[in-house]
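S.K.: Residues per chain, in single letters:
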Amino acid sequence: MSKILEDLRYADSHEWVKLEGDIATIGISDYAQHALGNIVYVDMPEVGDEVSQGEDFGAVESVKAASDLISPVSGEVIEINEALEDEPELVNQDPYSNWIMKVKVSDASEIDSLLDAAAYAKICEE
Amino acid sequence: MKTYDKLIFELSKPGRKGYSLPKNGYGTNGLSAIPDTLLRETPADLPEVSELEVVRHFTNLSSKNFGVDTGFYPLGSCTMKYNPKINEEIAALPAFNNIHPLQDAETAQGSLELYWNLQKMLSNIAGLAEFTLNPYAGAHGELTGLMVMRQYHISRGDHKRTKVIVPNSAHGTNPASAMVAGLEVIEVKSKPNGSIDVEDLKPLLDDTIAGIMMTNPNTLGMFETEILDIAKLVHEAGGLLYYDGANLNPLLGKVRPGDMGFDIMHINLHKTFSTPHGGGGPGSGPVGVASHLVKYLPNPRVKKNVDGKFYVDFGEDSLGNISTFLGNFGVMMKAYAYILTLGKENIKNVGPLATLNANYIKESLKDDYLLPIEGVCKHEFVFDGLKDKSTGVTTLNVAKRLLDYGFHAPTIYFPLLFHESMMIEPTETESKDTLDEFIDVMHKVAKEARETPDEVINAPLTTIVRKLDETTAAKNPILNYKALKANKK
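Quick mapping for you: the protein sequence lines, in order, are chains A and B. So in our numbering, spot 75 of the first sequence is number 75, and the numbers just go up one at a time. To convert, take the position in the second sequence, counting from 1, and add 1000; that gives our numbering.
Hints are not guaranteed to be accurate.
[To be verified] EDC-like cross-link-like pairs, simulated, lysine to aspartate or glutamate; straight-line CA separation at most 16 Å: (1) B:K1202 / B:E1187; (2) B:K1475 / A:E61; (3) B:K1389 / B:D1367; (4) B:K1389 / A:D43; (5) B:K1485 / B:E1010; (6) B:K1389 / A:D68; (7) B:K1475 / A:E85; (8) B:K1163 / B:E1130; (9) B:K1064 / B:D1404; (10) B:K1475 / A:E89; (11) B:K1475 / A:D86; (12) B:K1202 / B:E1236; (13) B:K1475 / A:E87; (14) B:K1475 / A:E126.
[As the list claims (entries may be wrong)] Distance windows between CB atoms, simulated: (15) B:E1199 / A:E20: 34 to 44 Å; (16) B:S1020 / A:Q93: 58 to 68 Å; (17) A:A118 / B:K1444: 55 to 65 Å; (18) B:D1317 / A:E55: 32 to 42 Å.
Just so you know, the hints here were simulated from the structure itself, not pulled from any lab data. Since the model is a prediction, treat every value here as computed from it, not as a measurement. Quick reminder that beta carbons are idealized off the backbone N, C-alpha and C, glycines included.
Generate coordinates for the entire structure from the input sequences, incorporating the hints supplied.
M.R.: In structure tokens, the structure reads:
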């Protein structure tokens, strides 16, 4: 059973978001890292890039497959997790502390359209 | 010598030679006039070995290979059928082998006739007007086909059409080829059985659509029963239909892509037409088109005069050259030999036998392996891993365990529609005995997964190398001797 943190919001494409003020921290869920298997590369956006809810902002490549990363919110990328450039496997080790990007959100209400932990758990069970 | 694992550089001894050259009676032929800037500064690092060492080295390496000639190779989506040896005999005929692409067409009539005949045969099989045999492999064929699609729209002045619709279950080469061709990829969803969702397709069809890429049977081995409706919708919207020939094998001589409404397709001679596959092949990816697209086919073209003579032509409306000369000619000879060996009657048995073999394995194993899509499949099908998910044994583990039993693994973790995909394609060339052996082993592995899961999880146990570190291989590949030496230091 994969780990789902209570205080996060989730997209059905398996990204998680933590919103603090107008800064959203975004990563992929434990379910996603497990399904992907050993991650060998994380293709991240650049600081200053604009991302939109529902649009891809990068990709995760594992030994099994490459999978698009879909942004759960819209806004401007203010930071990326540079540690993942050399050690993408950190995402496998702990997908919740090893976030991928931070976004200054343009519309905080977008978060309401995302799933809470209980609803996301249901999707993972299916 | 199963354990042999040397690189030829490791056998090298300074000064050892496998040749002796005659005394040079021709001078330097002006070689001394080559400017220093074009000469290498240090001698090339080449292995210095005797002839016998070379022979032993490569013979030992070749015995470590697994191929269709050594065992069952049920790699889904790859059509690893037997490559009849008569193909090789024909391709080795000196009269064909010693021709030069620049010689006068008058002196190469036989070769041009073979090219022309093969493209005619493929046109008949595909239900399309004409083929070019120039593309070097499947993905190159896809790119060429999409370039034809683009050229068609541009030549009509319809510059808006820049998008190609690709199902989310498609082979990865489809969106990749579309990107390389400068087109934008739009994904259309699949229904649970892998078929295109027509309702999801409809809203995508506007005047920016260049066409759609499909394969039929689809990636899950199921026939797209709504193909005629899809073709009608796409054509009404002004788009073209591209057929990925990867899954042509079950339809051979029975159903023609042209009759289903496809305008463009490629064929993998190295799949459907029994030419060697993998390890560089080389491949060949002929592209066929409907009559209104013939003029865009790449140059050069082989044509036949009214007097029966063949000539090489360069069309003005052509999208240009996509290959040097006429493609991988040796591969065409093998495919030609295959078609003539089977003949019109027997080629119709390929699909039904490939389909029967796939369904036989599917039905025999679905008690132990999870079959997400019920029903009659075509030449291949997909399991979603073991039925019993409680053992902790994954599809990767099963694939590795099969190696211990002397079988090549199926395609795994593709398609992406399921988490534990295992895609099995036996082809028509396997006997029932071989299929039964494979089925027995698959049952045995499922039993091991329940009773002694560690044995499966730690597999392979008997191969020359055990489970490889795929993560390091992907992140830090060592691809040549220099890198190996540096890594050892």
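S.K.: Determine for every hint whether it applies to the structure shown.
M.R.: Now the hints, each set against the structure:
Of the pairs offered as hints, the one joining K1202 (chain B) and E1187 (chain B) holds, with about 12 Å between alpha carbons and a cut-off of 16 Å not exceeded. For the hint pairing K1475 (chain B) with E61 (chain A), the CA-to-CA distance comes to about 11 Å; that is within 16 Å, so the pair holds. About 13 Å separates the Cα atoms of K1389 (chain B) and D1367 (chain B), which keeps this hinted pair within 16 Å; it holds. In summary, the hint linking K1389 (chain B) to D43 (chain A) is not supported, as the alpha carbons are separated by about 32 Å, beyond the 16 Å threshold.
Among the hinted pairs, K1485 (chain B) with E1010 (chain B) is consistent with the structure: their alpha-carbon atoms are about 10 Å apart, no more than 16 Å. Taken as a hint, the K1389 (chain B) and D68 (chain A) pair is broken in the structure, with Cα atoms around 27 Å apart against an allowance of 16 Å. Distance restraint check for K1475 (chain B) and E85 (chain A): the Cα-Cα separation of roughly 11 Å lies within the 16 Å cut-off, and the hinted pair is therefore satisfied. Straight-line distance between C-alpha atoms of K1163 (chain B) and E1130 (chain B) comes to about 25 Å, which puts the hinted pair past the 16 Å bound.
Of the supplied pair hints, the one linking K1064 (chain B) and D1404 (chain B) holds, its CA atoms being roughly 14 Å apart against a limit of 16 Å. As the CA atoms of K1475 (chain B) and E89 (chain A) are separated by approximately 10 Å, the hinted pair is consistent with the 16 Å bound. Distance hint between K1475 (chain B) and D86 (chain A) is fulfilled; the C-alpha atoms sit about 9 Å from each other, no more than 16 Å. Of the supplied pair hints, the one linking K1202 (chain B) and E1236 (chain B) holds, its CA atoms being roughly 11 Å apart against a limit of 16 Å.
Between the alpha carbons of K1475 (chain B) and E87 (chain A) the distance comes to roughly 10 Å, so the proposed pair stays at or under 16 Å and holds. Taken as a hint, the K1475 (chain B) and E126 (chain A) pair is broken in the structure, with Cα atoms around 32 Å apart against an allowance of 16 Å. Range check, E1199 (chain B) to E20 (chain A): about 41 Å between beta-carbon atoms, so the 34 to 44 Å window is met. For the pair S1020 (chain B) and Q93 (chain A), the beta carbons lie near 59 Å from each other, so the given range of 58 to 68 Å is met.
Judged by the Cβ atoms, the range 55 to 65 Å given for A118 (chain A) and K1444 (chain B) is violated: they are separated by roughly 42 Å. Between D1317 (chain B) and E55 (chain A) the C-beta distance comes to about 38 Å, which sits within the given range of 32 to 42 Å.
Against the hints set out earlier in the document, violations occur for numbers 4, 6, 8, 14 and 17.
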